[in-house]
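K.L.:
Protein sequences, first through last, are from chains A and B. When we follow the numbering used here, the leftmost residue of the first sequence carries the number 14, and every step to the right adds one. When we follow the numbering used here, the leftmost residue of the second sequence carries the number 1251, and every step to the right adds one.
A few of these clues could be false.
What the hints assert, rightly or not - SDA-like mimics (lysine to any residue), calculated; alpha carbons at most 20 Å apart, straight line:
#  : chain 1 : residue 1 : chain 2 : residue 2
1  : B       : LYS1252   : B       : VAL1270
2  : A       : LYS44     : B       : VAL1352
3  : A       : LYS41     : B       : SER1261
4  : B       : LYS1252   : B       : ASP1358
5  : B       : LYS1336   : A       : ALA140
6  : A       : LYS41     : B       : PRO1354
7  : A       : LYS41     : B       : ASP1334
8  : A       : LYS44     : B       : MET1265
9  : A       : LYS44     : B       : ILE1360
10 : B       : LYS1269   : A       : PHE103
11 : B       : LYS1336   : A       : GLU81
12 : A       : LYS44     : B       : LEU1361
13 : B       : LYS1268   : A       : LEU118
14 : B       : LYS1336   : A       : ASN34
15 : A       : LYS41     : B       : ILE1360
16 : A       : LYS41     : B       : ASP1358
17 : B       : LYS1336   : A       : MET145
18 : B       : LYS1336   : A       : ASN85
19 : B       : LYS1336   : A       : THR149
20 : B       : LYS1269   : B       : ARG1253
21 : B       : LYS1269   : A       : GLU117
22 : B       : LYS1344   : A       : SER144
23 : A       : LYS53     : A       : LEU178
24 : A       : LYS41     : B       : SER1362
25 : B       : LYS1336   : A       : SER83
26 : B       : LYS1268   : A       : GLU107
27 : A       : LYS44     : B       : ARG1264
28 : A       : LYS41     : B       : PHE1355
29 : A       : LYS87     : B       : PRO1307
30 : A       : LYS44     : B       : PHE1355
31 : B       : LYS1269   : A       : GLN106
32 : B       : LYS1268   : A       : LEU105
33 : A       : LYS29     : B       : ASP1334
Unchecked claim - Covered by chain A, according to a simulated footprint, are these stretches of chain B (three or more residues, beta-carbon under 8 Å):
#  : stretch
34 : 1253-1262
35 : 1303-1309
36 : 1332-1345
Said to hold, decoys possible - Residues of chain B placed beyond 10 Å of chain A at every Cβ, according to the derived structure:
#  : residue
37 : ASP1275
38 : GLU1281
39 : LYS1293
40 : GLU1294
By construction, these hints were calculated from the structure, which means they are not laboratory data. Computed from a prediction, not measured in an experiment: that's the story for all the values here. Note that CB positions come from ideal geometry on N, CA and C, so glycine has one too.
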Amino acid sequence: MQISKEHLKVLDIIVKISMDNASRSFSKTIKHAALIQLVKTDLVDISEITEEMNNDFREMVASILRLEGSLNGKLMFMIPLDGALTLQDFYLQEEPGTAKEFDELTEGTVQEIGNILASAIGNSFAAGLGSMLLPTPPQVLCDFAGSIFAQLIFEESVDNDKILLTETKFKLSNTEIDCYFFLLPDLTTLEDSLNEYEKATNINP
Amino acid sequence: MKRVLIVDDASVVRMLIKKVLTQADFDVVGEAVNGIDALEKYKELRPDLVTMDITMPEADGIQATKDIIAFDAKAKVVMLSGIDQKEMLWQAIKAGAVSYIVKPFENDRILSTLNEVINSE
Chain A
14 MQISKEHLKV
24 LDIIVKISMD
34 NASRSFSKTI
44 KHAALIQLVK
54 TDLVDISEIT
64 EEMNNDFREM
74 VASILRLEGS
84 LNGKLMFMIP
94 LDGALTLQDF
104 YLQEEPGTAK
114 EFDELTEGTV
124 QEIGNILASA
134 IGNSFAAGLG
144 SMLLPTPPQV
154 LCDFAGSIFA
164 QLIFEESVDN
174 DKILLTETKF
184 KLSNTEIDCY
194 FFLLPDLTTL
204 EDSLNEYEKA
214 TNINP
Chain B
1251 MKRVLIVDDA
1261 SVVRMLIKKV
1271 LTQADFDVVG
1281 EAVNGIDALE
1291 KYKELRPDLV
1301 TMDITMPEAD
1311 GIQATKDIIA
1321 FDAKAKVVML
1331 SGIDQKEMLW
1341 QAIKAGAVSY
1351 IVKPFENDRI
1361 LSTLNEVINS
1371 E
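Next comes chain A alone, as it looks inside the complex (with noise of 0.2 Å):
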């Protein structure tokens, strides 16, 4: 796997502005805060990492989707099943504690948070890069943290030992409930990617 330490810049800075986008537009659908407490893009180790979503005994609700276009690769939002009928009842602007098991409403909001992020990721790298990124429709999973994160990881897992990961961390405003944005991107389409970007910004890391 090659990425140069510069180009992890770049990918760092893109993200970072990603992110506050992405954070705007999730607060925005939301009708609450969602505070960025943490973004990070490096090199893992699969099996590390993989240990540490599998000692995370949580049930998750989760929406992974595909980003296709000149730059391809995984997002994944994943948020505890608790955690997600509040978000629930703050999409569907109920009172909170109305949502009570996961069903339906559940999966249709963690898709649409998904997607929605999705987007404001594809809209932010596509403005610096000049071409279309586009999501695909989301796949929702409820499990725990370790399974749901294998089926994120499975194609990679198979060839190599460590993968390219950015990850943020959101908190809702006045609750206690952290979600995970995870993106995955395809190394062969990302180097292209960040030389157009960083041509097209004067980015110098």
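Once you've looked at the hints, dock chain B against the given chain A.
P.N.:
For chain B alone, coordinates are given in the frame of chain A:
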């Protein structure tokens, strides 16, 4: 009362749009979950307006808009999408959409756009 068909693969989005439109005296005559369903429901219901998502399984909103316009050149389709990219806006216009709203949207924005489209008849 103007008759509207809502097209979106997410049930919660259809529910929210329906709530907003119903409160503003629109008549939501049907809902479709993808582009193929959209064309079938359009032919069956002949609504005055269609709100159309873009990212959907089976057939996306651009293809569905082309198909609906091919069936009825006077159809009024308003796109509702999180995709805020000029190339997609062009594709939507070329497909025959009359307006484009970027998600997440304000309720007033949907109502003002739909009323504008209706009054432009």
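K.L.:
Each hint should be assessed against the structure and marked as holding or not.
P.N.:
Evaluation of the provided hints:
no., hint, verdict
1, B:LYS1252 x B:VAL1270, "14 Å, holds"
2, A:LYS44 x B:VAL1352, "16 Å, holds"
3, A:LYS41 x B:SER1261, "19 Å, holds"
4, B:LYS1252 x B:ASP1358, "17 Å, holds"
5, B:LYS1336 x A:ALA140, "9 Å, holds"
6, A:LYS41 x B:PRO1354, "6 Å, holds"
7, A:LYS41 x B:ASP1334, "15 Å, holds"
8, A:LYS44 x B:MET1265, "17 Å, holds"
9, A:LYS44 x B:ILE1360, "17 Å, holds"
10, B:LYS1269 x A:PHE103, "15 Å, holds"
11, B:LYS1336 x A:GLU81, "16 Å, holds"
12, A:LYS44 x B:LEU1361, "19 Å, holds"
13, B:LYS1268 x A:LEU118, "15 Å, holds"
14, B:LYS1336 x A:ASN34, "17 Å, holds"
15, A:LYS41 x B:ILE1360, "15 Å, holds"
16, A:LYS41 x B:ASP1358, "14 Å, holds"
17, B:LYS1336 x A:MET145, "8 Å, holds"
18, B:LYS1336 x A:ASN85, "19 Å, holds"
19, B:LYS1336 x A:THR149, "18 Å, holds"
20, B:LYS1269 x B:ARG1253, "14 Å, holds"
21, B:LYS1269 x A:GLU117, "17 Å, holds"
22, B:LYS1344 x A:SER144, "18 Å, holds"
23, A:LYS53 x A:LEU178, "8 Å, holds"
24, A:LYS41 x B:SER1362, "19 Å, holds"
25, B:LYS1336 x A:SER83, "15 Å, holds"
26, B:LYS1268 x A:GLU107, "16 Å, holds"
27, A:LYS44 x B:ARG1264, "18 Å, holds"
28, A:LYS41 x B:PHE1355, "8 Å, holds"
29, A:LYS87 x B:PRO1307, "17 Å, holds"
30, A:LYS44 x B:PHE1355, "11 Å, holds"
31, B:LYS1269 x A:GLN106, "12 Å, holds"
32, B:LYS1268 x A:LEU105, "12 Å, holds"
33, A:LYS29 x B:ASP1334, "18 Å, holds"
34, 1253-1262, "holds (count 4)"
35, 1303-1309, "holds (count 3)"
36, 1332-1345, "holds (count 6)"
37, ASP1275, "20 Å, holds"
38, GLU1281, "12 Å, holds"
39, LYS1293, "23 Å, holds"
40, GLU1294, "24 Å, holds"
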